[in-house]
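Residue numbers (the working numbering), protein chains in the order written: chain A, 1 to 316; chain B, 1 to 421.
Possibly wrong hints are sitting among the right ones.
[Unchecked claim] Simulated restraints, written as ranges between beta carbons of each label pair: (1) B:D414 x A:P223: 53 to 59 Å; (2) A:L62 x B:E214: 32 to 38 Å; (3) B:T125 x A:V35: 39 to 45 Å; (4) B:E214 x A:M93: 51 to 57 Å; (5) A:F135 x B:D37: 16 to 22 Å; (6) A:L304 x B:D414: 40 to 46 Å; (7) A:I298 x B:E402: 37 to 43 Å; (8) A:I106 x B:S176: 55 to 61 Å; (9) B:W415 x A:V35: 36 to 42 Å; (10) A:F244 x B:Q420: 33 to 39 Å; (11) B:L118 x A:I298: 40 to 46 Å; (12) A:I106 x B:G257: 46 to 52 Å.
I should point out that these hints are in silico values taken from the structure, not numbers from a laboratory.
Glycine residues also receive a C-beta, built at the ideal position from the N, C-alpha and C atoms.
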Amino acid sequence: MATTDHTAPVATGKRPRRWHIPLLLAPAAIVYTLVMIWPLVDSLRLSFFDEGAPGERIFVGLQNYRALFGSDLWWGQFWNALVNNFEFFAIHMLVQNPIGIALAAILSLPALRGKTVYRTIFFIPAVLSYVIVGFVWRLILSPTWGIAPDLLDRIGLGFLYQPWLGQTDTALITLSLISVWQFIGIPMMLIYAALLSIPDELIEAAECDGITGVAQFFKIKLPLLWPSIGIISILTFVGNFNAFDLVYVTQGPFAAPDGSTDLLGTFLFRTFFGSTSQLGDPYMGATIATAMFGIIVIGVLLYLFGIQRRLTYYQM
Amino acid sequence: MKHHRLPAISVMALLAAAGPALAQDVAELTIESWRNDDLLIWRNEILPAFNDAHPDINVTFAPTVSTQYNASLNAKLDSGTAGDIITCRPFDLSLSMFQRGQLADLTDLEGMENFSDLAKVAWSTDDGGSTFCVPMASVLHGFIYNKDAFAELGLETPTTIDEFWAVADAIKEDGSYIPMTIGVADEWGTASMGYQNIGPTYYKGEEGRLAVIEGTEALTDDAWVDPYRVLARWADYLGPGYSAQSYADSQNMFTLGRAAMFPGGSWETAPFEGQGAFFEMGAFPPPRLSADEPCYVTDHPDIALGMNAATEHPEAVKTFLNWVASDEFAQLYATNLPGFFPLADAEVTVDNPLAQDFLAMRSECETTIRPFYQILSRGDQSLEELNKVVSAAVIAGSETPEGAAERMQSALADWYEPQQN
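So here's chain B without its partners, still in its complex pose (with noise of 0.2 Å):
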């Protein structure tokens, strides 16, 4: 047996020798995301058609937990270990990996010509002179519900908040579903899913964003707290125990049909189709002040992807940022990732019918993006997490609508100065 091992071992030493001559012909790209939902997606759909255009390089998808996606990619960028291709979260999270160099300047990357200025806005310098990701895709924010619980219960979908109370409490009397579901206890969703999701109709979506940025309205203002009170007053309809209840089991409570309404976005599309929900899904925006008013909805663009500056293979790169940035991508992306809205001037077309709900309320409401991830939150505390724990509080009732408001604004005073008069 001995004598057998001898030339086992000088092949492989020959091998691992051949090693790095052989990786020459193929470029070898990893992918660093926080995206843990679509590993199999990217896997299986996206990069084996990216493979069948390009052979010689090759693309591994490397996601992370969301929450530590941050801190486990700032230091893998720190010591030099972090993949070629960085996903880019909006706005300040990668301006500041540009200006520190993690970032490589994509401004004169041909693809970018297939973006407007807007859909590049969440990864430009303030001035809008440099772009540093290559957009990928926008979410919009609005109400998931249960169609066939609905028709039991012979409702209609509200469009104005006196409906929506209606609505809450008719299903409360009726007993058999609990009116929504949220996950409070691990506190992210009560912001993107609570706060940012009714928040635009109070204060008046993109005109309130520019005004707390300009100085000239305070979060202590009733249009910013306004959408506070209406948090405090969901507790009422969100079934025993939800202070506990995470955002997991709040996806679950929905797709199980034991909720009837679902607080969220147009990103749990292929989740709850994934999950198997056993009835018909619809969404409908959040509702409006009244009938004559406009409605307002969260339309965030999310999701980027860019180059970590330090990689070896800026050409193989450039050339798959190229083709994300494609009308082939965006197709396969809107297909295969419905409720992912590609940001590319491409015309897409989206088949899945959630998904379908979610595309029609950007032509029918007014659109904004998420109010605090634009400039407001660089100090030392981020307003964006602070926000999500107020709105969780509120929710669970342990501070007050107006005292919440007084700790977001002081953190933005702190260090803000168009807040501090």
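Just chain A, with the same shape it has in the complex (with noise of 0.2 Å):
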């Protein structure tokens, strides 16, 4: 992915043709045509129908749109989404990849011991499922079981509890945090690795020059780690607006309270499959999807034409 180098070697007219490359990438093409771009054009497809009489089905062109960016009922949840969506984003590159960044430069410091350790503690959360993160949270912030008030009170902070996940407008900041516990080893690793991979001799250029502790991460490392940060900026993204379970698994359908903290994933979910007596409305489900999809390529490309091209890549 950091290679900025893409041009392939020309085929020239006296090579056979090569057969083997579309038999070796057939096997991946066809799966991945197969259960990605075909549904994918397929749920595109599905958001210019509507239902007509039960159980039929009606080609309206745009309607769904109309409705979705027209109508109070469907932009005033959108809109709901989309904002919160945004800051659930925006908790996560301040607080998870600077916090992951930090981690794993004290993990790469030499004179660190029980390094392992750390690391796999770090990174446990991120290989446990949603239902179980959601699960234990709600109950240690639970008002009625949780440790979380029981742990202020003993250190004298009781006053400060608050019943986070009830309050609409405390509960999207709450499990946004909880999302970024969670995920915090994702950047760290990724960060670890890419800081493994700069060679010893230009740390020790750098010592001999003086620059050492925290300046030598800002002026040596940070510079040569901007593409990794860059790749985990856009996982994030992508990450975060497909985000739906701990919502889902915490919240509930309805993103209680009162949908603060609804986010695209837990509105297209309702939409398309509905809730208890809230039918489910495939048609308008797919509409949502296909925006969201839409909010999703149009961040990836910003990322690739306005930052990633302007990134500096050092070849060591």
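Make the complex out of the two chains shown on their own, each in a separate frame, by following the hints.
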């Protein structure tokens, strides 16, 4: 990913056709088309239909999109979910990634003992299922059984406790931080690997020039890390705008309280599949899914053309 | 060793080939349901009783989590993998399945004559012409209370609103119990155990419900806003951190004896007794406006069984459904699931004291069904679901009673013609 050189060797007429290339590509291409590209195109197609009489599918053109972006009911929910999603993303970018980078920097210090133990501990939540993470945090923060009120009480900070997951103004931030706690290991591992690949000669040269400690991190290591940080940012962006599980597990299909934790993913799920007495609307669901796909594509393109090309890559 | 494996494999292959042939003798039926809580009762009590009479039909009870039931059921029906017998939610969810041809028409099933028209209303078309599910049970809403706690504090069960607040104040003042507990965090309880529990007293049950359907009353009228005002006032009595408390939390709070009252319904009877509460429980109906006004209670047809139109064993399913319509089933169900009261015309005896308390409300009070189930939840946004969200927001204090009513009315007027004026 971190190379700028995309020019392939130009095929000349003299060479025989290399059939092994399409042959070797075929399995992956076929599987990918079947399970990814075709469903994607098909849900795009579904968004142009609606249900006429029960069980009958009729073509309605852009009507679903007009409803999604024009009616109070749909636009209100979509906008709410979109704003929440940006907040969710911002908290990940501002909390998860800097802390992840800092942890990686500390772990890569040669003098530190017990590295593998710390590394494993930090990474464990990332391999836990959302259901477990959601359930455990619900219990920790629960006003009735949770250890959070009790712990705060013991250190004399009991007055700080609030039912964070149950208040409209704190629930989303709390959920974001739970998600940060869960996935902090991912940026940490990626950056850690990038730090290990920095040649020792560079570090030694920096030390000869008197650049050590924190200054060494910011002046020598960080410039070499930007490409990895870019990748982490785009992974975070895509992950966050597809997020659904944690909210659904902890706050239910209606993203309690009062829709304040609704993300695009939960909005999509609720619309597509329905919930209890809310009937599912697969056509509107497909419309929302297409809008989400558009948002993610725009975000990725902005990154590719706006940021990735301006990054400086160093040959090491 | 290797030599012995071959015969084993060939025997297995033979059995696999014989499988379909064997299956013709015993019809395998699957019941789709959202009643996870009842799994053991179906498996150990109800289905064995059926099997005694019909050894040639094997029925499996396969429940899904309640909140995901309709989503997963719709997906299964669309892909043709749903079970043969479908547990029916009341009114529109099942009606739409019938209209799509996913539920079979059961109007002519013999067992249907055991049910009155009123019992069948939740599973019939608007004109009453076709019925598509066999009614099983209804549930009653009310307040469950800790009898021991009331005796200890010298309190009587309240009959009027004023008495209710006095009782709640007395419990709060004493401090050894939280006056009442309700699950706010997962929202759904606040509608069925909050709004629909106390609401009928204010909008006068059926009278108000039908007036909204006809368009002569709006949800912003005082009769419909007052229940929200009461819910907002509940907040003072729910204990610390109630806004992040789930339904299961509140059930545990009550059965552990930490809360004195539990706004709920008869469906709690079996779970509460299953959790082994060490105190005596009773139930009282939602308090009246004043001593000379009647009390109103929601008596909601809640659960029925229908036939998947695509089933491969329609005759076996009909045999099973006729049995479900029988007196034998009604008694079996009432005994094993106290709090779910059979809708069949059968004479059943209810032994459980808590269930008896609930059953008494039926004759003591005016009854009605949940207000937003029939017709009113057909919009893009289900009014029933919106009521859950806004009721929770009102109790949690993030929405005013008037604001909640405004949101409900605009969601309804958005598509429902009788309310557009």
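Going down the list of hints, with the structure as the test:
1. Between B:D414 and A:P223 the CB atoms are about 56 Å apart, so this pair conforms to the stated range of 53 to 59 Å.
2. Separated by about 36 Å at the C-beta atoms, A:L62 and B:E214 satisfy the suggested range of 32 to 38 Å.
3. A C-beta distance of roughly 41 Å is found between B:T125 and A:V35, which places it inside the suggested range of 39 to 45 Å.
4. The hinted range of 51 to 57 Å is satisfied by B:E214 and A:M93, whose Cβ atoms lie roughly 54 Å apart.
5. For the pair A:F135 and B:D37, the supplied restraint of 16 to 22 Å holds, since their beta-carbon distance comes to about 19 Å.
6. Under the hint 40 to 46 Å, the C-beta atoms of A:L304 and B:D414, about 41 Å apart, fit the expected range.
7. At roughly 40 Å, the beta-carbon separation of A:I298 and B:E402 lies within the given 37 to 43 Å, and the hint holds.
8. Here the CB-CB span from A:I106 to B:S176 is close to 51 Å, at odds with the stated 55 to 61 Å.
9. With their beta carbons about 38 Å apart, B:W415 and A:V35 fall inside the hinted range of 36 to 42 Å.
10. Under the hint 33 to 39 Å, the C-beta atoms of A:F244 and B:Q420, about 35 Å apart, fit the expected range.
11. Between B:L118 and A:I298, the C-beta spacing of about 56 Å breaks the proposed range 40 to 46 Å.
12. Take A:I106 and B:G257: their Cβ atoms lie about 49 Å apart, and the range 46 to 52 Å holds.
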